[in-house]
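Undergrad: Given the coordinates of chain A, work out where chain B should sit on it, guided by the hints.
As you go down the protein sequences, you meet chains A and B in turn. Read in full-length UniProt numbering, the first sequence has 26 at position 26, and its numbers run on one by one without any break. Read in full-length UniProt numbering, the second sequence has 451 at position 451, and its numbers run on one by one without any break.
Just so you know, the hints here were simulated from the structure itself, not pulled from any lab data. Each residue gets a CB set at the ideal place from its N, CA and C atoms; glycine is no exception. There's no promise every hint is true.
As the list claims (entries may be wrong) - Here are the simulated distance ranges between beta carbons:
#, chain 1, residue 1, chain 2, residue 2, range
1, A, LEU35, B, ARG455, 54 to 60 Å
2, A, ALA383, B, THR454, 56 to 62 Å
3, B, PHE295, A, GLU425, 29 to 35 Å
4, A, THR71, B, ALA172, 49 to 55 Å
Protein chains: 2
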Amino acid sequence: MYRAPVDEIAFTLKHVAGLQAAIDAGSLGELSEDLVDAILHEAGRFATEEVAPLHGIGDAHGAVLKDAAVTMPPGWKDLYRRWIDGGWNALSGPEEFGGQGLPTMLGVAALEMWNSGSMAFGIGPTLTMGAVEAIEKHASEALKKTYLEKLVSGEWMGTMNLTEPQAGSDLAALRARAEPVGDGTYRVFGQKIFITYGEHDFTDNIVHLVLARLPDAPAGTRGISLFLVPKFFVEEDGSLGARNDVFCSSIEHKLGIHASPTCTMIYGDGFAGGGQPGAIGWLIGEENKGLACMFTMMNNARLAVGMQGVAIAETATQKAIAFANERRQGKATGYDGDGMAPIVHHPDVQRNLLTMKALTAIARAIAYSCAHATDMAHAGGEAGKHWQERANLLTPIAKAFSTDVGVEVASMGVQVHGGMGFIEETGAASLYRDARIAPIYEGTNGIQAIDLVTRKLPQAGGDHVLGYIGELSEVVDALRDSNLDGFGRTADNLEASLKDFLDATLFLQDQVSDGGLQQALAGATPYLRLFALAAGGVYLAKGAIAEKSAGRIALCRFFAENLVGETRALKERVSLGAESLAAAAAALVAA
Amino acid sequence: MYRAPVDEIAFTLKHVAGLQAAIDAGSLGELSEDLVDAILHEAGRFATEEVAPLHGIGDAHGAVLKDAAVTMPPGWKDLYRRWIDGGWNALSGPEEFGGQGLPTMLGVAALEMWNSGSMAFGIGPTLTMGAVEAIEKHASEALKKTYLEKLVSGEWMGTMNLTEPQAGSDLAALRARAEPVGDGTYRVFGQKIFITYGEHDFTDNIVHLVLARLPDAPAGTRGISLFLVPKFFVEEDGSLGARNDVFCSSIEHKLGIHASPTCTMIYGDGFAGGGQPGAIGWLIGEENKGLACMFTMMNNARLAVGMQGVAIAETATQKAIAFANERRQGKATGYDGDGMAPIVHHPDVQRNLLTMKALTAIARAIAYSCAHATDMAHAGGEAGKHWQERANLLTPIAKAFSTDVGVEVASMGVQVHGGMGFIEETGAASLYRDARIAPIYEGTNGIQAIDLVTRKLPQAGGDHVLGYIGELSEVVDALRDSNLDGFGRTADNLEASLKDFLDATLFLQDQVSDGGLQQALAGATPYLRLFALAAGGVYLAKGAIAEKSAGRIALCRFFAENLVGETRALKERVSLGAESLAAAAAALVAA
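Same shape as in the complex, but just chain A:
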């Protein structure tokens, strides 16, 4: 069973990702270390004692649709109620509407824990947060007044309606339409698919944010507008009125996150009865600028999904280590107890467990560093701009690498359990199933890699990422200067990986700026992994230098002497692999 690793989370936040320095410099207002510790401790308790125990029930029962209503698994509605009563939904919400306005760093640390407890639970509020952000930044005062307080507290939940059957990664293909009624509202029509928490019984009302086209809108992404469509209308006094014409027509039968209802939503088919069909919606932001409204919250949503990868990896690692300490098979050097040795003493099992542990640690370090940059970006000015670029740079890594790690580590976790891993009741399999969606949704990992290479590497004329690599090199210098024992060849290996990182970066920057876009696209995915491994190794070193503990030094060295060497092959794949890829790809196209 999951136990929230509160100390590890706190350490990574403070000493790897930069929270301690930010607190000390007063960059985060009046936030104190004590408050941080208290919040993490309490969130850890809730995730461990309240969320995690309901994961298995959620997975087994799933969400159930009947007569357009979705019933959540037994105990889940109460769980959600206790969770919002604890103020957790409001953690990083705006203070003006009842939120606690705490930094993103704390928000993602808590999010990691909810998702470790149960990813199907953690995903719901993430959507609400996205809706809060979009409304806060772009909606009219009237809409804010009506909706924000209840969305911040969690009394109502929010959803994001982008995808249609023909429009997934390519939103230019959207067809949902909105017609002006004449009174400032719109009638929205269309079908949206894969709508997470589109319908459920957690809350009395659900606030849908929906992308749709106005009648005279230009084609493509410049003709998309964003609408707020409540499930129930809200009366002047705040009470709920009539049912709007939006309904869930089906929920998906999925590989994982069974308790998260993935809905097909039908807008404007007249199911609500009464007058004219059409789901009544209110415009958020300007006409035809809906995608820009969505993009303002995209970074945070992507980081949130990245946390799911970290979360699953953490739970899978804990579970595998616990099992390996209990399960006994065979003899092992280094075990001198009675009978068969716990399998944790077998070097091959140790390799799996340490790989899981190291990958989880670097994914977490990258994600928290991304959150730190987001928090620092609020400063504004030159410094704010710098940190926003850093957040932009790290977001695709935090999303894609962490979720790939989630899948890899969950798979290794099943393996460590042997035959028991394949039995559903053991629980390792549910992590392997749940993990698999995170590399797909909120922009597939391929799209993250393309975003990284084509939009993030060119930031600041290409200098931003080079400055980042320079900062990482300084940590390696500090490691050499530290004279700490136990690092072995860590400094040399990390330095070599940073050289690979730099070479590949310069190569791709040249391609992007100089007509080699196909080469850049072909190298994007291996580059993203190279970036993460090279940076991740340095983050482990940073933590090890800060704490000077044998355990952290040993894990860093294991990573540097066993895992980071992959960067060389990745660099070659980036810089030398595109031509053969193009040559071989011809055979893939159906005649």
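TA: Quick look at chain B alone, frame taken from chain A:
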């Protein structure tokens, strides 16, 4: 939907794995190329048209236990009947008992196709074949006469009963016991778990092979005997008699292969009623030599599981390529048709698909080469010994690498499908679920790697594997001499990977022979992958040289310029990684 890749299978058998040369040299008796083609074609038809269409039903319904009886999914019993009526179970069975006695190469090629159609279907007969082999080689004439013909035809099925709750990888811990009755039979008692096809309605009788201890047996693996325990006794005239005291008490709720009943079997609890409890069994082979009897069929069973990895990878790749040709999103260079481009035109998708294709091809080449060695080993004499060593060497690679590839490729397959990949009805998810057991059962992949390093590398004083690497080098020389266009840097890169392979091999041989067992155990898993990638690249080259086609050359080059470079990092992990692993592992052990 799966279409058996009959031409690709035939090509790999003949021109990569050595079937053509063996036919031409008369090493396989009267086997002709025409017969090979006819069998592959017909097996492909059956797998495509009969097995594959029932996969989804099998996955959704699963096997159902009620009152100790297991009902297979709708249509499956008829499918099995048509399959044995087609003579497929008897394909490589001994001719003396009605089998066709065809080479292992054909057996595994057919097995690949059944498993591609549905892995839960393919696994059942694999167990029967194992039972046939054990009985043929070790049982008395009387037992052969009673059981073999019906097991060869498939009228009855067989099972293997090794695992107990405390004894998985470590069979020394077995507790099931057998007491001599005095009339040549034994009463068997105990609980066996994870028994594949332990109970079902495919056949009227089921023949269990069971490992158990005699009362006076020594402890450990030298005190284990093998018994044949039929579900129903067989009368003198071959008809079925009374029920034996062996029952299925439960079936597992598993991540995948839902239609394969994974049973807990209870021996000797007296459920059959009547007289004294105890499941009546007959000894196979000598007392206390049961493990040796099991080991004679272990190689083939491991290769059979390896074929499941190849099979899943093939199906996943086909499915992903088909989807990528249909699904349209965005624009792509190289697509000049109307509207959005099929995603197969996006370089990042191409990278996934080509990686899937190349990994599948090399896993298949290795597995078929292993089968070829098994066939050639029947020659006896020095040549036979050489080929048996080759089969021994390649078996752990065929098992472990192929099944790892099955998981990797199935996961990439889900990814290529985007959101649809997470929806069960799409079918990509079931491959991801099914694939996950193959690295675990029939000896976990970690155990395969340890077997490779500690038992197979030392064969022939260490010379066998070195000779194998030498043969691979000759193929690279032939590639250089071929003057074929389109290979790019293939020869250089394959040569470098063979150098890594050689270096790592020599390093591990030294460790094993010179007191460095812990180092060898720590490096086993990365070494196995290194071996497979280096050898696999050469097999692709061998095929490309033989066919001289642009497609095969391009895929080989893609592999050589994008994937084989991983061997360098793997070599370093093998030779330099153990010390840091040991240092970091201390933290894994629970206090």
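Undergrad: Could you run down the list of hints and mark each one as holding or not?
TA: Results of checking the hints against the structure:
Judged by the Cβ atoms, the range 54 to 60 Å given for LEU35 of chain A and ARG455 of chain B holds: they are separated by roughly 59 Å. Take ALA383 of chain A and THR454 of chain B: their Cβ atoms lie about 58 Å apart, and the range 56 to 62 Å holds. For the pair PHE295 of chain B and GLU425 of chain A, the beta carbons lie near 32 Å from each other, so the given range of 29 to 35 Å is met. A hinted range of 49 to 55 Å holds for the C-beta pair THR71 of chain A and ALA172 of chain B, which are about 50 Å apart.
When the structure is compared with the earlier hints, no violation turns up for any of them.
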